[in-house]
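**Q** Chain residues, written in single-letter form:
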Amino acid sequence: MSNPVVHIVNLNLQYAGTPVLCNLNWRIYPGEHWVIAGKSGSGKSSLAKAMVKQEKASGEVIFTFDPDNPMPAQAFYVANWYQFANLEGDRNFYYQQRYNKQQQNDTLTVYADLIHFGKKYQLNFQDAEPILQALGFENCRETQLIELSSGEHKKLQLVQALWLRPQLLILDEPYTGLDKRSRKNLNSILDGMANVGTTLVLISNDRNIPDAVNRYAQIEDGQLHPVSDLDEIKQDEERQQKPFPYFLQKAPAVDNDTMIELRNVSVRYGEKQVLKNISWRVQAGEKWLLQGPNGSGKSTLLSLLNGDHPQAYTSAIFLFGNKRGSGESIWDIKQKIGIISPELHWYFDKNATVWHAIASGFYDSIGWFLQVKYEEKKQIEQLLDFFDLLEDKDKLLHTLPLGKQRLALLARTIIKNPQLLILDEPCQGLDRSQTAHFNAVLDELSGYGKTLIYVGHYESQLPACLDNRLVLEKGEVVISEHINRTTVY
Amino acid sequence: MANYFNTLPLREQLEQLSHAEFMETAEFADGVNALKGKKIVIVGAGAQGLNQGLNLRDSGLDISYALRKEAIEQKRDSWKNATDNNFTVGTYDELIPTADLVINLTPDKQHTAVINAVMPLMKQGAALSYSHGFNIVEEGMQIRKDITVLMVAPKCPGSEVRAEYLRGFGVPTLIAVHPENDPEGKGWAYAKAYCVGTGGHHAGVLKSSFVAEVKSDLMGEQTILCGLLQTGSILSFDKMVEKGIDAGYASKLVQYGVEVITEALKHGGVSGMLDRLSNPAKIKAFQISEELKDIMRPLFQKHQDDIMSGEFSKTMMEDWANGDVNLLKWRAETGETAFEKTPAGDVKIGEQEYFDNYVLMVAFVRAGVELAFETMVEAGIKPESAYYESLHETPLIANTIARKKLFEMNRVISDTAEYGCYLFDQACKPLLADFMKKVDTDLVGKNFNEGKDGSVDNVQLVQVNEILRSHPVEVVGVKLRKAMTAMKTIKTV
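Chain order of the listed sequences is A and B. Going by full-length UniProt numbering, the final residue of the first sequence carries number 489, and the count climbs one at a time with no gaps. Going by full-length UniProt numbering, the final residue of the second sequence carries number 493, and the count climbs one at a time with no gaps.
Derived by calculation from the structure, the hints in this document are not laboratory data.
Have a look at the derived ranges for each label pair, beta carbon to beta carbon: (1) G345/B <-> I483/A: 56 to 66 Å; (2) E73/B <-> F125/A: 31 to 41 Å; (3) K119/A <-> G345/B: 13 to 23 Å.
Fair warning: this is a prediction, and the values are worked out from it, not measured in the lab. The beta-carbon is built from N, C-alpha and C at its ideal position, and this holds for glycine as well.
Model the full structure from these sequences, guided by the hints.
**A** Below, the structure is given as structure tokens:
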């Protein structure tokens, strides 16, 4: 048998004093393509990062690349979370920054960023073109990094990896935030690479993976356990649904029967039309599914509703019965809305503990600054218990596994029992059982007089309560309809 | 126009200088009500103008922008900033006559011209706001007696004013009403409402005066904030290169070190910054900063004296009138230093390494912060004001150095700060020549702890800690930082 491409010997890794990987051994032979799946927090991302030396671990990781293969003899890791800096190395951004226009351009354009990447690895730009096409990213060239949505950031990371075509490619949750077409095209490109000698390692609980994948494993007790197929992967146990906190069993007061009304709303940045003649009415109690490919304008539309977008002031937008710009503050609006989005998560205060993050939901702040009342403290405790986060409440939010971070932010979203919930891919980063749990929570919650706008790319992972659907394409409404559980969408 | 401060009798000078009252949250219970429904016109749409306007509009206020005709016709950046964010934009003639409140957020140097153009257009009984009092105090601008004159000065760059607001917070802010111009007694109500509209009331507000703001602001910016950080950076870099440290490493240590070190200052004050050093290094930093304070004290006093007498603003305005000859010469020199011309090396420097290998900068910062604070307080400025203009702003300037080094730092700070910074730097470098001869790489460039066993004398350490922690800047700092509960960590490296 030939040498393994990857040979890991006795890998040990600790996180904040707790062992994550314990004497982990693993060999990946040429022709093998692996999926690592399983519970969140089991050490999947830590293993990937240790392999490429992004996390400190003891033990050996030996790569043996094929000298006769023209593909770059290197391991390349695509993280589950993106990171970018402005031209001066600054990484301090706030999540609404992409809607505030300012004349000095702070970050690179997508094109400039790709050129930079291509130079570093001596790549031909022509080779990137088909990948940009396949991922539906060809229109983003002149977009600044700060302006990208989370799905588009993910695509940029993937474009770089696929363009480089390394001999070993490690992808951590590559499907997060990608639309359906891009997921499919990504898999066929990965299959193509596997055919000519790239070894694939995917970290994902997704079922739609490249055909080339022929090995499966999970991490248990800090060690790698190969299994024969995906059905053998242990997921977190179905959660016991705890009794619903009483304070969420009350229907919040509703200000107006028409919660949201947009009349012919358009948003344009220079030459780029982001939204075109959007008319949309959301009645109190309706549960809307909002769909569309990455870049179709979903985030921009939601930012108009949440008071985050300056163009709301000059458009015909009515929120809770009042026209935008009639003297209300954005805090008056946010007070009525519970919101979560990948961007809000990404830009969340790094100094916030889980408890502070949830408490900040009462005041719609990022992090926590105000006095929390006794009653509110009790409610926070109840939600911590409800989401099984009690033992994590004093930990810094960003040090938890992604799935748990998401749960904490979901708790933040509903803590004030708002009349309108705006959930932009709320289950991103959750594993299947966490997703099922959250959707069950949502179905129950929505029984108590809530109005809901829900963005989700995964048809199989939607809550049952949705009763209407709006689909955007290239900034325009292409479908607006009633749906029920039997509708195919 | 006569220097306003110099026209006042001594008791009035002292009275206005000592205005500094930390305001309770309850004083902002009225929110933005005093300005609700009023027409607010902002003049200038740069970093402060645009970002304050975005905040005020998001707080439910009616905001539009008045720009000069040429800026509109030529579609300059200020015009684009305002129109891209969907604000109404018009000329002075179109918008000023409708305004209940005119907010002047143009650069200091343009104030006289702007006010002369705007004032005749303002309606009877309107209000005029500044975010820096130079025009009123030093240039002695006289405002029509029916107009209310106030100040709202966020103590952060415009981008931070916006970012903190959107987090649901704000930045520390200083507010004031000019005693010569409050005919209807509405000045404070307007200033408070405006402050709430920017989010400032969440982060600690200081009730000040135009005089106190100007005299402390000028002192802080030219001594510790910009002047000493520049002098210390250049001397440190040159010393390392002289002693054979790799120039790329030296450049990186200096460019980013000042930000890492003052980040500790921001969270824990001067003592918090020194606590990041090992015990022997802390004692060393204490000793050399004591020495630095002795050497530099006369220079700090001269700057404060010239600011109080109006000598500083007089010479600066002469330079303005003379086509900025001195300013441009000094600016060019700053662009030519070896530090400026040496790019940061591609080496990794750990966070702790920035302290251990740059004890000299810790000493510079302690000496500068304490000296600026002491000198201001001795001159009649209240500790609260002195804190904001020394310790509080140091990390903000350090951040601009980390981003763009000294030349660009000087370009982004105010006109007065840039001029004062060069003035200080020119005088300070020769003053420190003898001191620097004794400095070796254990203080800058290499790990101070290397080859030492880490032992110190108990009594000596206790004494040093006691002196550091009981300094008045630490006492007032503990109180003020409590109001800024959620200061954000700034990171460039």
